[in-house]
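A.B. asks: Sequence:
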Amino acid sequence: ILRRPPRILSFGYGPHSCLGINVARLEAKVCLEELLRRIPDYEVDLDGAERLQTEFVQGYWKLPITWRT
Numbered sequence: 001i002l003r004r005p006p007r008i009l010s011f012g013y014g015p016h017s018c019l020g021i022n023v024a025r026l027e028a029k030v031c032l033e034e035l036l037r038r039i040p041d042y043e044v045d046l047d048g049a050e051r052l053q054t055e056f057v058q059g060y061w062k063l064p065i066t067w068r069t
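At position 43 of the sequence shown (counting the first as 1) the number is 43 in our numbering, and the numbers step up by one without a gap.
It is worth saying that the hints were derived from the structure and are not from the lab. Heads up, the beta-carbon is just placed ideally off N, CA and C, and yes, glycines get one too. Check the hints yourself; a few may be wrong.
Here are the in silico distance ranges between beta carbons for each label pair [claimed, not checked]:
#1 K62 x I39: 14 to 20 Å
#2 V57 x L36: 32 to 38 Å
#3 G20 x L52: 21 to 27 Å
#4 S10 x T69: 29 to 35 Å
#5 E34 x F56: 28 to 34 Å
#6 R38 x W61: 23 to 29 Å
#7 S17 x T54: 19 to 25 Å
#8 D41 x Y13: 21 to 27 Å
#9 R68 x P5: 18 to 24 Å
#10 G20 x F56: 18 to 24 Å
Required output: the full structure, derived from the provided sequences and hints.
C.D. replies: Encoded structure:
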């Protein structure tokens, strides 16, 4: 079976795509890298996690983490 990879429409598609897509992706990457660098010893609280699954969104509504100071 040949399938195309799923398209993520967060930033639009084709001629209607967001002009700031590269800046937004870079900001997210830098933010996550800095967060993980500053608190490398973190744990995800899976018991407190709340999934969000709709027709258009599959992810987490809440994903708490804890870390030592």
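A.B. asks: Going through the numbered hints above, which ones does this structure break? Give me the numbers in ascending order.
C.D. replies: Those not satisfied are hints 2, 8, 9.
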